[in-house]
Structures are given as structure tokens and as C-alpha cells.
Amino acid sequence: MKKLFQTLGPGFLVCVLLVLAACGGGSTTTGGSTPTSGTGTGSNLNIVFLPKQVNNPYFDTAASGGKEAATALSGKFQQVGPSSANAAAQVPFITTLTEQHVGAIVISGDDPNAVAPALKQAMAQGVKVVSYDADVAPDARNVFVNQANSEQIGRSEVDLLAQQINSTGQIAILSAASTAANQNTWIGFMKDELAAKYPNMQLVKIAYGNDDDTTSFNDTLALLQQFPNLKGIISPTTVGIAAAARALESVHKGGQVALTGLGTPNQLRQYVKDGTIKGFELWNPANLGYLAYYVAALLVEGKIKGNVGETFTAGKLGSYTIGAGNVVLLGPPTVFNAANIDQFNF
Amino acid sequence: MTTTSQEVERTKQRGQVSQARLFRLVNRVRELGLLIVLLLIILIVGIQAPRFLSIDNFEQILLSVAILAIVAVGETLVVLTRNVDLSVGSMVGITAFVTAYFFKQLPNINLLLGILLGCALGLVLGMINGLIVSLGRVPAIVATLGTLYVYRGLVFIIAANTTSQVNASDVPAGYLALATTQIFGIPALILIAAVIAVIVGYFLHASHTGRQLYAVGSNPEAANMIGIRRDWLVFAAFAASGLLCGLAGVLWGARFATVDATAATGLELQVIAAVVVGGVNIFGGSGTILGVLLGAIVLGTLQNGLNILNISQFWLQAMYGAAIIVAVVLDAFITRWLQRTILSRRKKV
Amino acid sequence: MKKVKSLLISWEALLAILLLISIVIGSVVSPYFLSGFNFNALTSNIMEIAIMALPMTLIIIAGEIDLSVASVLGLASVVLGLLWENGHSMWLAIGVALLVGLVAGCLNGLLVTKLALPSLVITIGTLALYRGLAYVVLGDQAVSDFPTSFTNLGFGSIPGTEIPWSGLIFAILVVIFVVVLHFSRLGRQLYAMGNNKEAARFSGINVGRVKLMLFMLSGVIAALAGVIFTARFSSARPDNALGFELYVVTVVLLGGVNIFGGRGSLLGVVLAIFIVAILQNVLSLVNISGDIQSLAIGLLLILSVLGPNIAQRIQVIITRRRLAAGSSKQV
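Chains as they are written, first to last, in the working numbering: chain A, 1 to 346; chain B, 1 to 349; chain C, 1 to 331.
Keep in mind the hints are simulated off the structure, nothing from the lab. The structure presented is a predicted model; accordingly, all values stated were derived computationally and were not measured. For each residue, glycine too, the CB sits at the ideal point set by N, CA and C. Don't take each hint at face value.
[Claimed, not checked] The calculated label-pair distances, taken between Cβ atoms and stated as ranges, are:
| no. | chain 1 | residue 1 | chain 2 | residue 2 | range |
| --- | --- | --- | --- | --- | --- |
| 1 | A | Gly255 | C | Val103 | 50 to 58 Å |
| 2 | C | Leu115 | B | Asn108 | 55 to 63 Å |
| 3 | A | Gly188 | B | Val326 | 37 to 45 Å |
| 4 | C | Leu20 | A | Gln152 | 37 to 45 Å |
| 5 | B | Ser207 | C | Leu99 | 34 to 42 Å |
| 6 | A | Lys253 | B | Thr4 | 51 to 59 Å |
[Stated by the list, open to error] Some but not every residue of chain B turned toward chain A, in silico, with C-beta under 10 Å:
| no. | residue |
| --- | --- |
| 7 | Leu63 |
| 8 | Ala159 |
| 9 | Asn161 |
| 10 | Asn167 |
| 11 | Ala179 |
| 12 | Thr262 |
Kindly produce the complete structure, drawing on both the sequences and the hints.
Structure, rendered in C-alpha cells:
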């Protein structure tokens, strides 16, 4: 008797679930294509940010910008995401958001292709998709809000470092995730700039810290051990540059090995003041978040379609035009150094 | 396997003395073996890259394994009793985060108070583990697997309600200095780890309770029958592991300075590697702190060597795995060989 | 023994009740729960763990454990990705990936059976070794450019229904494993081995060969899970399914299988799989993050063993009191 129960049990269970699934399959096809939650007018200003990872001050600042835009537009704002920068971890969030029929997903992709199937499914269900900071596959999103011209970022990073090391010597790059689209685009332009203008500088290694502090810290120490003549490091990631600065100081090499990259003023203030970092760049992440929210909201409300050439006004930031590849550009990056770092608070 | 257990039975019949001698022999052989392996690695790498042989570099190696060694000492206590503590990574993570946050909110607080807080938190978490295992009779692997998830989840809840990340600029310089100050030219971290290892090692070797721990691991039922308070000892071992994880967490925050809810994820694998490579028997009853220290140092030296030789870092984890397997295989062979040698010698008498 | 057996039957019944309760809670808590799309999502999310839990059940019942399954999954995934990236056909890539799983399982099995080493430590070692090899194969890179025909395996459903393809694979495997464990002589041998290895050997069972086959099976199934995982995330990365082995063990233990071997059934494991799947799904729908979901799973795991222990202790105390009262009455 027990054996019967034990054995027929799973079979019975699977049958029940199959029946459930078959019935359930019916309900979604008759459901129609418009989102069901929100106001009756069909506009659903429930916009959710999905950054590469959530324990990251850079994305928290972007989120504050998004919240500000939400208040200005009387919409809802939420941020969800994985605790480590991993594309496979982002997918379940996308699926959940699709089920919840949110108005729009604003995503910074850990891997442009890995999240594409889930995003396409979301778009098929009527959810708008806007990418920001790091792009995803172009057919898996409506618009990409880029923080600054990628070529400009890549080239100016190299120029900044070259100034500090007299354009001579071995350098390394401490990047984030190897699959992040923005990192790879910038690195591409960095290599180009090195080949074109700095024949006496050699790029000896690209290390991937995965936007994880401990990994980036250890990667920096490893770089110093592998290349004792290393003159400079570029770390185009806010997590990486902060960890690298600490690592350099922990072995008393702060100031001997030049360090630059992309970072937030608050995290790097002490390193600029004590000379470990002479200068670095960034844009205002809060503005990026603000603009991304605006674009998403306009898409949801149908005020723009996301096509090349459309113009719109994004609240306090002014007017923008959608450029080639359905990309909106925020503006030029800012260089921070000892002279101006106290003027900023983010 | 049958022959070995028969032999062990016969050995037991001739008194516990024989088995104790066997284990001591095994330990000495293992420690010697680890020393030889260490020297070999130093030799091989040193020839190819003389940079490896500098004092500075050795200091780096010891620094990189100091925190791991502290946790491994605690894990050893647990494994000796025929249990395992898989939650060490989560315990280090939660104490690191809470301590760092504590210092962020109260920057003028006495440094010692913060350290005690971290250790106390670790102690409490370890005691919970101990209660579940000894009182609740839940197998250690199940219990600590569960608390691995629970404690990690707790950090995330705390982080969600306080701050997602504590930065180096948020905490007082005194706290960060814990990781960088030097006493007599040796970094404080290394000294702390060494002192703890010496204290615990001496305790295990010389005290009555220490020997009881070994007895509990080699035969829990017998130990219980002859009056050793087995449950209390197991509880104490888990509590000690928690306490040491707490201390490790405090030091983790000081060394890495940027702490978030994912701190120390996956640490348990490295700890178990150090313990197994260090010659501690996973079934309990045998192993020394010196062995564990050597195990941790060998693994750290291996990692450093890979770096210096510019061998891809990606071989590192594979090497950890290979080291564990090799260590276990060697242990089995050494133990069986020694058993046969001892018994054959006794037979001649 | 009888009392424990009766406890076991009621454990599966308990799980069945828990499953029904969780479905009810789910539909109350979120309006999106009872939809085909959601069923599809929650099922496909757990299929890799579910598939790996089947051979894991057999292994634990037989008195061993295999903690390397997630690493084999990762290794198979990167091998698949590497072959695909270098232009080979998808079928070849899948075949080689499965072969890799077989070999990995074989190594586990040989170390445990031929050298008589404890499976707990050995599979912790191979957990690191195989994961490390995955990193050696692909390094920091990832392969994510897979064709839709492949990603449908993980992401798509059987046309006309909301049953994911991986669900179909799981259903077939469940049938096979149930027949093996509960209806064949091999299954009875597994229980015997778990209860008393020496007695099993003396009664003529070739314990070594059976265990070797079990580990090889576990390896192949883990590789299959790797193929499905890669398809679902359209992503072959060395860190795929990092940490999943703990989830697999959790699901098996929750299903009532005793960690020391000799007891348990597949019904319990299947029920546990769906309970965990629904729990994760409901928590996601109310925006509780994955890391906090793990907290719930961990609690569930501890309680699943603690609960019966406490229940048994109480039973013993009550029985003792009754006996004491009975004997005092006699006088």
C-alpha cells in the first residue's frame, strides 16, 4: 500500500500539474495584449530599474535620480536586482517583472545577449524596455540611454593616465565583468588610442574584477606582483577604482603607480587628497537615472515611440534627440581632481 | 575496507594506546610532508622567479592567509568532533558587515567595543549551530547548510534596511589600522593569527578537554559511555568556531574596508581545503593545528606562486580541488600503510 | 522501526498538504500566481535542480553524497559553449558535454569505490576541481550567442501548452527513476546498501559497481542540466549554477530522504521540489530578493530535520510517562 502511494504519487502529481498547465495555457492566450494593472487609461507608470547589481553606490545614485523623475511625473519607482553582477541572476528578475506586468524595465545589462530572450519575452507582453549604463542586444530594447560618448570615455581615460606617467611604461586595465558591453566598448577605444598616440605605453594585462570589491582588491595586488614595473592602472568601474586605490595604499604604492578611471567623488575623495589618484572621470549618475526614467515614462505613455530622430524634453535636463541605433546621449564626462572634488556630493 | 576495520578493531582491543600512537605518527608524517611540499613549491617557483623569495613577498603570503587561518582553526575544532561547519563563510560575512556598520554609525566609539561586538555576534551564531546539532540532533552537514543560507539571508535583510555598502571612507581610521599596523615589523594580522593558533594548538595538545575532543571524534558512542560530556563538547566546538569567525569578520572588515552583504561568500570551501590539506581527518579524532596552518600556508603559497609565474589565475580553483583530492588519497594510503606496519611489528613481539 | 516507518508515510502526506497550502497562499498573495505563464516560469526555474535531485536521491539513499553536481553542470556548460563558439554543430556540442559529465562522474565513482574514500570530502574536492576546470576552459569570457532553436529548450514551451520542454524531460526522468528505485531489484539493493554496507556486500550485491554507476549517472544528468541551463540563460559561463549543489541536497533532504542513507522516497522529493519552486516564485512575486528566499529555504531545511526529532523526543517522553503511570497503577 505504501509502495503504491509512493510510486503512483509522483505520477499522479505530474499528471495534475500537466492538467493545470494545459488549462493555464488557455487563460493567457485569451487575456489580450494590454497590461491589466494600473489606471484604466492603459498607461502604467510602474517603472522598475534593474541595475547590474544592487549593492553598488553608483547605481544607488542613479536610482535617486530615477526617484526624482518619478516624483516629477507622479509615477512609481522601484529598484530590484542581483547581489552580484551576473547576467544569469538578472534573468529571473526580468521574468518576475514581466509577470507583474510593469510598465517598463530600465536595465543595465551584465551581458547583452544573455538577458535578450527574457527581455524579448517582456516586450512581447507589452512591457517597454530601456537600457541604461550598459546596453543589451539592440533588438531586445526600445531605447538605450548612454551616459556619454563611448569613444570619448575610452580615449580620454588613456589621455588622463598618459599625462600622469609621461606617456611611458607598462599599464594595466582593471575592468568589471568581461561580458559587460560598456566595458568592452570603452576598452576597444582605449586600445585604439594607445596604438594611435602612445607607442611607448604597453597594455600588459586586462583583469576582470566583476564589480566585486574583494576580487578587484586581490586582482590589483596580483597585478603588482606579476608586473613589478607597472606604471599605471586604468579602472573604468567605480567598484574597481576604489578597491585598487585601497590595494595600492595597503602595499604603500599609492602615488608610485598611477591610478585613474571612472569613480564617484565621495568614494575617492580621500585618495585624491593624499595623492594616490591624481584625476578621474565620471558623469552624474543621478542625471543618468533621471533621464532613463523619463525616457521610459514617455515610452509607456506613448508620447514617443523610440525611433531615431524623435525629440523630447526630459524635465530639468532639457531636450534630447534619439540618435543612431536608438541611443540617447546624456552628455560629456567630467574630470575630477584635487581642484574641484569638494564641489560634488555623490 | 573490511580488512582495515578488522585491523582497527584488533588495535582497539589492544587498548586505545595503539590507535593514539597511530594517529600521532600520521600527524607527524603529514606535517613533515606539508613542509616538504612547501619547500618544493618555494624551490620550483623561486628558481624561475627570484622575486618570489623576498621577505616582502612572504609577508604578502602570510597576510593573505591570516584571516583564513583563524577561521580554519575554528573549523578544525568542529571537524575533530566528527562534525563540519559549512556556515563559516556566512558567519564571517555577517560579522564583518555588522562590525563595519557599527563603526560607521558610531565612529568615536572605543575600538575594543566594536571588536567585542563582532566576536560576540559570532559566538551567538556559533552557539545556535551548536544547539541545533547537539540538542536538536540534526546532522551537522544539514544544520550548517541551513544556517549558511539563514545567516547569509540575515545579512541581506540587514543591508537592505541599513546601507548597501560600508566604504573605507565611512569607518574610523583606527579600525582600518587594525589591518595595516605592524608590531616589531610584523603585520598585526599575522601576529593575531599566530597567537590564536598557538593558544588553540596548546589547548588541544596539553589540556584534558582537548584530549576529550579527540576522543569524541574518534568514537562518539564510546566517549559518551565513559562519561565524556559529548554533547557539551560538540556545542562548545561550534561556539568556538563561531567566536573565531566573529574575530575573522572584524579583521575582514578592517582589511577589505568595503563591505557589503556578499562579503566572504564561498569562504567555507577554502577553509575546508586548508583543513583537509592540513591533515585533519574528516571523520574526526585526528589532526593538528600546526598541520592546518601548514595547509593554509601551502595553499596561499601556491596561489602566490601562480601569480608570480604569470600562470593564469584560473588554474587556482582547479588546484584547490586537486590539492584536496591528493591530500585525502595520500592520507588514506599513509594511514593504512602505517597501520599495517605497526600491527605487523606488534605481531612479531 | 515501525514507528519510524509510519513517520515516513506521514512525512510525504505532510509534504502534500504543505504543497496544497503553498498553492493556496500563492493565489491569495498575488493575482499573477494562478496563470499559465507563471506556472511555466516557476517550473522552468527549478528544472535543473529538479533533474539533478533525482540521481542525488539515489546516491544519498545508497549512503553516499555527490556535492560536485553544480560544478559538473558548469563544466558541461562551458564545454558546450566553447564547441559552439568554434563552429561545431549544436548536437556535437551537446554530445561532448554529456560525455564530459559521464567522465566527471566516473572519476568521482572510482575515487569513492576503488580507493574507498569518503564521498563527502572527495566530492568537495571535485566540486572545486571541476569548477576550476570550467574556469580554465573559458576563463573570464562567456559565450552567449546561441540560436533561438537552442534557447527554446530552456525558455520555450511545448506548443499549445505552458509546459516547458525541460519539464517534459523531467517528467520522463521521474518515471524512469521511480521504476528503478521502487520497482526494481536495483532499487532494493540501494536501500540495503544505505542501511548496512557490509551486510549488503555479504548478501552478494556488488556495492562498488553499483555506486560507480550511480556516480556516473549523476554526472551525465548534471551535464544534461548544464545543457538546459545554458539554453535557458543563453549563456555559457564558468560560474553557471554556482552554489546549486546545496539547493539540490536541500530539496532531497526536505523530501524526507535520510542523510545517512537507507530511507526516503521519490514522491517526497518531487513534492519538495515543487514546494521549493512555489515558495521561491511567491516570494519573487512579492519582490523579496533571491538571497532572502534562500533564508526561507535554509529554515525549511533545518526544520525538516529538527521537527521530526523534536516530535520523536516528545513521543518518547509521553510514552515514558504513560508507562510509568501504567506500572504505578498495577501496584
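Results for each hint:
no. : hint                                : result
1   : Gly255(A) <-> Val103(C): 50 to 58 Å : holds, 51 Å
2   : Leu115(C) <-> Asn108(B): 55 to 63 Å : holds, 59 Å
3   : Gly188(A) <-> Val326(B): 37 to 45 Å : holds, 42 Å
4   : Leu20(C) <-> Gln152(A): 37 to 45 Å  : violated, 59 Å
5   : Ser207(B) <-> Leu99(C): 34 to 42 Å  : violated, 54 Å
6   : Lys253(A) <-> Thr4(B): 51 to 59 Å   : holds, 54 Å
7   : Leu63                               : holds, 9 Å
8   : Ala159                              : holds, 7 Å
9   : Asn161                              : violated, 13 Å
10  : Asn167                              : holds, 6 Å
11  : Ala179                              : holds, 8 Å
12  : Thr262                              : holds, 5 Å
The structure does not agree with the numbered hints 4, 5, 9 stated previously, though it agrees with the rest.
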